[in-house]
Structure formats: C-alpha cells, structure tokens
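J.: Given next are the chains, with one letter for each unit.
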Amino acid sequence: MPQISQLLEVYGSQFFWLLIVIGIIYFGIAKNMVPKISKTVDDRQKRITDDLAAAQGAQDKAEQIEADYRTSINDARADAISKVNEAKAKAALKNEAALKRADTAIAKKAEEADAALKAAKTAALKEIEAVAAEAAQAIVTTVSGAKVSATDAKKAVKAAF
Amino acid sequence: MAEPGKIDPMHQFEVQPIFDGFTLFGQQINFTNSALWMFVVLGLLYVFMMGGMKRELVPGRWQIMVEGVVGFVDNIIATSIGPNGKKYTPWVFTLFMFILFSNLLGMMPFGIIPGIHPFTVTSQFTVTGLLAAISFSIVLIVGFWKHKFHFFSLFIPHGTPLPMIPLIFMVELLSFLVRPFSLALRLFVAMIAGHILIKVFANFVIQALDAGGASLLVALLSIVFIAFVSALELLVCAIQAYVFALLTSLYINDAENLH
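Those protein sequences? They're chains A and B, same order as listed. To convert, count from 1 in the first sequence and add 19; that's the working numbering. To convert, count from 1 in the second sequence and add 1096; that's the working numbering.
Among the hints, erroneous ones may be present.
[Unchecked claim] The calculated EDC-like cross-link candidates involving lysine to aspartate or glutamate, where the alpha carbons are at most 20 Å apart (straight line), are:
1) A:65 / B:1163
2) A:55 / B:1163
3) B:1150 / A:62
4) B:1150 / A:171
5) A:58 / B:1163
6) B:1182 / A:62
7) B:1182 / A:61
8) A:65 / B:1110
9) A:58 / B:1170
10) B:1183 / A:82
11) A:55 / B:1170
[As the list claims (entries may be wrong)] To give an idea of the interface, some chain A residues facing chain B are shown, with a C-beta separation under 8 Å as derived from the structure:
12) 44
13) 60
14) 64
15) 68
16) 92
17) 100
18) 103
[To be verified] Here chain A is said to cover these stretches of chain B; the calculated rule only asks that three of the stretch's residues, wherever they fall, bring their Cβ under 8 Å from a Cβ of chain A:
19) 1135 to 1143
20) 1329 to 1337
In case anyone wonders, no lab produced these hints; they're calculated from the structure. These numbers were taken from a predicted model, which means no experiment stands behind them. Glycine included, each C-beta is placed from N, C-alpha and C at the ideal position.
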C-alpha cells in the first residue's frame, strides 16, 4: 500500500501542500465568499418576506378602502331614501293643504252662489207676485168689472201661492 | 511500481514528484501529483463558487447550486451545533467542499486521456489524517478554552452510578481519543476500497480480452460491475464528505455545548 510504504517520505510535502490548499479554501473561499453567498440568500429571503408583508398590507388597505366605500355608499343610499321620504311627506302635506284651501274656497263660492240664487229666487218670486197681483187685478177688472184694490189683489195672490 | 503488462491496483495511490521542491525541517517538499490534484480541486472549487457570486436576486441554475451547498453546510451546523456554531461554518464548509470535490474528481474518467493520471487526494491517509487532526484540535482547543478542566465531564454521562465512574470515564476517554483516527480512516478506506475494486475489475476485463473465447463473458460482466461500482462510488463520494462534515460538527458540538 503506497500510502503506508511512502508515508515517511511524502508526509512533509502532503502536509505542506494540503495546508496551503486548505488555507486558501478556508480564508479565500469559506471565510470570504461563503458569507456573501449566505447574505445574498438572506437578503432574498428578507426581500420576499418584506414583499409579502407589503402585499398583505396593500391588500388590507384595499379591503379597508372597499369597506369604507361600502359604508359610504350605504350611508348615501340611506340618506337618499330618507330625503325622498321627507320630500314625499312634504309634498303630501302641501297637497293636503292646497286641497283644503281649494275646498274652502270652493265651499265659500258655492255658499255665495247659493245665497245669490236664494236672493234671486226671492226677488223673482216677489216680482212674480207683483206681476201676478197686477195681472189678477186686471183680469178681475176685465172679467167682472169690479174694482179690486191692489192690496186685495196682492192678498189674494199670496193666498193663491 | 507496476511491471509492464501487469496492472497494479495500488499504483494509482502512489505519490510521485512532478518537480523537486525544497527541504523543510528535514523533509523534502516536492511538488507532487498529489499537490497538483489538490490545486485542481482548489481551482474547480473556486470556479464553482465564483458561479454563485453573481448575487442576483433571481438566481440562475449555477447560483442555485452554490447557494444550495452553502445552505446545506449552514444547515448541518445549525442542526448539530445550534446558533453558537456560526463561527465553525468556514471550517466545516472547507472540509465538506474539499473532500467532496477531491472524491468526485478522483472518480472522473480522466485516465482515458493519455498522460493524465487521476489521483484521489482523499485516498491518502496523510491528507485525511491531517484534516481529522485539525478537526480534533479544534474540538480540544474549544473544549478546554471554553470549559477548562470541566471539559472532562464530557466523559462522564449523566446518571452514571458513582462506582462506575472510573470505568465509564476510561471507556469514554478511549472512544473520544479514537475519534480522529476513525474520522480519517473512514474516508480513506471508503475511497481506497472503491478505487481498488474498480481497478481490479478493470484488470479482469483486460485479462479476459487477452484470453478471448468464453472469457469475453467475464469481461462483459466485469464492465457491468464496474459501472455499478462507479455509480455506488459516486454516492459514497458525497456520503463520505457529508459524514466527515457532520461528524466534525457533532464533535465540535460536544466541545461547544458541553452537556
């Protein structure tokens, strides 16, 4: 086995070159390059975590905005409905008042018309009475020749009515 | 050395100098094929890691791979040691990546290119031994630094009856001291066994082809077997790298978070 038979003559050079190579790997690669590579990995991991957190934050914000939007729309809708109802009620009230006013005006006019009618009727009746009395007086005078006083004639007409 | 016309399955593990180096503490430091493949591993690892350094927010395939490996090692540390383990990540990462790349590179069929002799760095006991020794030293240093002599309580499990303590202490101490050897041997043996197996069956193929006739069936069977062993070895490459890194972090956990 050359490893044993050569041991005594080569161990010096083996150790020497191995220590140099191992030293270069240790100080040049393992101590210098590896931490940088580890850092790259860590940075990436951190970046991913941060990005995920940011995305989560943005989503939360979006959800918050949507919720706000929803509440504001609901508020606006409720507001609009109440306003419409109010307007309806107001309009109904106004209508009623106008109707009442119109009713009273119409009633007044009807009353006046009624009164005027009554007055005209009485006036007409009076006139008819007078005309009838005159006519009766004239008829009596013409038929019987008797003179009937206007007062009598009036009395007789009134009785006849 | 292999004789001409014969295949020596151990030849692949031989360390050969490419050019002569210098002497250090009485040891000849040559630039060997082993050192060359260590640097190939280093180069490949560097290229691989550079692919993950684009640091884009949306990663490409390569970057995903690199980040996956880094995350994998981070995960080993996090589950075995906990939040205190961050400072050991570079070492466990170094272990895992060096072993993984060495194992896989040793399995690559570079041998079909003439002149290139692939060499599995982790099939050398010197290499796995040094890696295990460093891991074990970290355990010892951290353990005694953080807990002083209280670290010895690691060897006395909770609820041990008083008369049993000396015996249990010896057993636990022994198992603790065996750790670096088991750590080093496990990887070394796993790597060497698979490579020898493949080489032995490759030897069968060549000898069967030379013999001709009915033994061609043996050659075919051997090739199928090599394919299966290679697939299994690729799995073992990854598993052994994982096991080495995991056990190291578990041992460090003992020192870091003494029960």
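J.: Provide an ascending list of the numbers of those earlier hints which the structure does not satisfy.
T.: The structure conflicts with hints 4, 8, 10, 14, 15, 16, 17, 18, 20, although it agrees with all the remaining ones.
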